[in-house]
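*Asks:* Based on the sequences and whatever the hints tell you, model everything.
Chain order of the listed sequences is A and B.
Per my numbering, the very first residue in the first sequence carries number 1; after that it's consecutive.
Per my numbering, the very first residue in the second sequence carries number 668; after that it's consecutive.
Fair warning: there could be bad hints in the mix.
What the hints assert, rightly or not - The calculated lysine to any residue pairs, modelled on SDA-like cross-linking and capped at a C-alpha distance of 20 angstroms, are:
(1) B:K1024 x A:E621
(2) A:K345 x B:K824
(3) B:K1025 x B:Y1206
(4) A:K82 x A:R68
(5) B:K743 x B:P1086
(6) A:K193 x B:S1037
These aren't lab readings, by the way, just hints derived from the structure by calculation.
Since we're looking at a predicted model, the values are computed, not measured.
There are 2 protein chains.
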Amino acid sequence: MSSTNKVDEKARVVSPSDPQKTESDLISILDISPKVDCGRYPAKRTIGDSLKVSADILKPGHGAIVARLCYKTGAKNGWTQKQMTYDFDADRWSETFPVELGINEYFVEAWIDNYSSKLESLKKWAEVGEDISADLTELIDLAKRATNAFSAQERVKLSSVLARIQNSKNVNDTLTLLSDPEFSRSVINSIGKEGYAKSIVCKVIVDREKARFSSWYEMFPRSQGTKPGTSSTFKDCENRLGDIQAMGFDVIYLPPIHPIGHTNRRGPNNAPSKSPSDLGSPWAIGNESGGHYSVHPELGSLEDFLHFVKASRDRGIEIALDLAYQCSPDHPYVKQHPEWFYHRKDGTIRYAENPPKKYFDIYPLYFQNSNWEQLWQELLKVALYWADKGIRIFRVDNPHTKPTGFWKWLISNVKAKYPDVIFLAEAFTRPKSMKLLAKIGFTQSYTYFTWKNTKSELSEFLNEFILSDAAEYYRGNFFTNTPDILSEYLQSGGRPAFKIRLVLAATLSSVYGIYSGFELCENLAAAPGSEEYLNSEKYDFKVRDWNAPNNIKKYISKVNAIRRENAALRFTSNLRLLECDSNDILFFGKWTLDRSNIILVAVNLDPFATHYGTVKVPIDELGIDPSISYRVRDLITGNEYEWRGEANYVSLDPTVEPAHVLLVLSK
Amino acid sequence: MSSTNKVDEKARVVSPSDPQKTESDLISILDISPKVDCGRYPAKRTIGDSLKVSADILKPGHGAIVARLCYKTGAKNGWTQKQMTYDFDADRWSETFPVELGINEYFVEAWIDNYSSKLESLKKWAEVGEDISADLTELIDLAKRATNAFSAQERVKLSSVLARIQNSKNVNDTLTLLSDPEFSRSVINSIGKEGYAKSIVCKVIVDREKARFSSWYEMFPRSQGTKPGTSSTFKDCENRLGDIQAMGFDVIYLPPIHPIGHTNRRGPNNAPSKSPSDLGSPWAIGNESGGHYSVHPELGSLEDFLHFVKASRDRGIEIALDLAYQCSPDHPYVKQHPEWFYHRKDGTIRYAENPPKKYFDIYPLYFQNSNWEQLWQELLKVALYWADKGIRIFRVDNPHTKPTGFWKWLISNVKAKYPDVIFLAEAFTRPKSMKLLAKIGFTQSYTYFTWKNTKSELSEFLNEFILSDAAEYYRGNFFTNTPDILSEYLQSGGRPAFKIRLVLAATLSSVYGIYSGFELCENLAAAPGSEEYLNSEKYDFKVRDWNAPNNIKKYISKVNAIRRENAALRFTSNLRLLECDSNDILFFGKWTLDRSNIILVAVNLDPFATHYGTVKVPIDELGIDPSISYRVRDLITGNEYEWRGEANYVSLDPTVEPAHVLLVLSK
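*Replies:* So this is what it looks like as structure tokens:
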């Protein structure tokens, strides 16, 4: 509140070019959408999307306004304007624009449309027989003055209209001429923008489609061979590509591929190392062979790695690397930049710790050190080094333990050079912090999906992260398992459990992943009550029979093919939880905007027993005639069913097929 | 996104004194509440309220933070700080402060608490037997350095603690000493504010209690006499005060009291005037006797008016005036400031119009005229003139037809001088525009209550305006009727309808009003289908028998007394719609925070028939034992009932009592 009663000139007269001033006395633009946290963070979209921008535009009294959406896409410098449309029922204005890769910006502007207001009012008076001659002369004068600001082109096109207006002897003819769409638009744009107001400027990060639609396969490169007790190499990894491609994955994520430290190495099953031949964790990065720029010699050379990357690309598979910004005590940084680590009074460097646990093979970087700027630049250099080599996906290890501002700066700088880079945040922390990482720039995020098994757990989780406002910026990557997480459900549920979790991950979310061994239904835990794998690859080699009996590779291939072939499954924002009267059956749907592809999924969440129930198909929304039956095809089995109306029956035996993935064939 | 990869120094190092910079690399403060439209508009509270401010405060990794609420109340210049409390389940920080009349401001600040973080970590290590001596020395050094910044007072009080810390030989003793609450608080406040961040600054307008709790009575001062065909005077109005006080009203709102124009006066029932003795509408303000500063001579002198104001005040009743910023063609402004009116090309001034209607007795003011600043100042002078005379409540006529910026400016300037002034917006327009007027400063607002009669209509209306986010800034004044609105429900529903609407208005909302004649159940419309009163006072005198049979004055007295005596009914924000299985019975409740006053209201919405149903009392929330019965007393009839558990039976005969207003007596 101002303590002076002097009229604030600036508060009244708003220049369209003043970026600070958004409100005028006459027009208020409120609640522009999408916006994340009041416009503080960008929303997210992918190439091919049309972004619908809406706003409330309020003005006193009657009369018309001009409302425009102004947007700037990655490729262009200037603002493009588009007239917005008014939805009377919602009392809201909106318009869409096609997004482009990179950062796009948008805002809404509006001003009083005196010309149309007066014209409409004169039409109404003319209709009731009122003498409008004085007002009509005035309006013609206004239009005439406006033509002075016409472009040469407008002048050529519209001078005849003006001449006809001035020569018109009939009031109704004059009104019709004044209403000429092209003429009136030019007049409106040429007269002063009275009451000009604009919204805040919002941003949207536009990624390539893989940010929204991809199927991940995590594997340890040292465990892809056939000789027990020997590290496999990137060449061995290449031999796995056919199998991985056949399963339908398009991203392979590798844990750190860098040299592994020697100091305090972890031995098998995470025991302190007792033998020099112990392998250590790939996350204990760096030794005398190098650090984050180097490749672990046992895996091969940099060239071998790049050959593997190319071989993968040839099969339509992209390689994702792990950005784990931490060091083994043997990392070159420790000697080159001791100041990047926290030194205690006694001169020792603090290990990574979470009392009462200490990680003796890892020194955390000290982001608040006095030489922090150099450290930040170095870490950016690491990311750009791999991006320069063609890596465009990074899975980021534990980002929530490092400064948020660092990630915001790093991601924006990497994407300034390579806007197609995807960053996946591996943050298992409190929901608000996970969401914050997505807001400040992470493209995708790990989720709690891995632990959500019951209908109520899944619904609550989906409602918080997927079906909430978070959908604007949070893209959950639903992993069925990770090297750290073999859930109790998988440990105990057998093969049906693996199929259930696979189909849930792959159809609930357009982005999902498995960690290798899942396809073989590996379910042995390190200890009762533990979620660690027995003889975990984190500390050991593993040799597997990739065609072991009981594997679910064909099931995975089928589900991934269904994902590729059905446009509705390429999105997560279209997920709709639907009703089913069985507490053991999750029923949900996804459909394209034009309803040309409608998928309905029913999953029996209980791996141990058959369940049946009545599902409720939202036929009104889907445009299905309630009086005529419609066919649905189970894309897993190929079986077709005749359904009718809302209520339909499903029965799912987990030992046969725990899920229906149904395509609605005819309506 | 920055196109440079240079670290932005300013992005990292945030000075607490920089008002622009709110985010640090380490701490993000999100979603401060209350906030209206991202902090663009103030919330509202009344004196006596404690404002609870909450925020999400997020930081990377483990460790403690210092979080403070900073607030500035009307009376004080500087900021007051208060430590905030963390709610683990909600992952949210909050604290309250006592608001004061005027504008109060608040924000949240936070920084990393390195001292507590290290101390807690050392305690955990000590517990598991780790040698912490090096880290302990370091922490003691930190504390010691901090003492250099201690105030003289702190030094005196805390030097002994430091000495004991330095002399301590036992690790656990040292940790305990370092944890001394007073000592550690001083240390924390004395070391650097690493990662300092703050939220946006939000505002709250604090009004006096009447803004939230008042009972209004609207009356035309010229119709309060006993002689037909003669204007009553302010002296006659004084004779009505006893009656109005007895009914329990504490605000009397008078339509404009100014001289009425002669040109194009309206005659009885809004017909064009045919006789010089016709009275005209009080909203056609101004003639040769004066304009907005003057009193209509037929009502008396300014002194008479002020005598009436004082006589009212002596009975605990405040007078509200009408701010109707428009002029009769005879208003002095028309000659003094022709530029304040819109002149057409032919020299005539435009009448107020809404095609195809014209109001020939009114010229609207032209707020966008070239001399607008002088006009605005003059209108402010009008409001301040009456405020100077002791008027502290203004009902504003049609604010939505005038610039929003004008009202924002006018209200803030009036309240800068008189923070206790209340502005009631009479805007019947689209909901978003009604809400905007409340956001930009109107204290109270008229509502659609007058037309909401069925259970679904009432629920929808309440959910949009009262039980939504709008509750932060929108105070609905529920009028049962106005000189413009005699609803069809009242026209047809007889005496029960009047009781139903009275009890609904008075118990749903802590602010409500009636227009005189309501107490006599006046229900004759000007024409079928019209909501206008027959022989409306807007254009005529009216003489009434204020004790006419069938009046509901005793009922009104009773309901207003119940409102005064039950703290729960002094608020609207505590309204809770509750379940009842009858579609004709609205059941709702209000209770104080401490549950010392619990009111449950059941209203039969049908004036023509008895309805009964089972209501559902939220016994869990009210702390009522489900196994023990509890007594409720109907405050209208004095009858008491023995209720038990959630489900209880009600039956309401509108010809006897259409509503229960129940006080829960024992729990």
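*Asks:* Going through the numbered hints above, which ones does this structure break? Give me the numbers in ascending order.
*Replies:* Hint check: 1, 2 fail, others pass.
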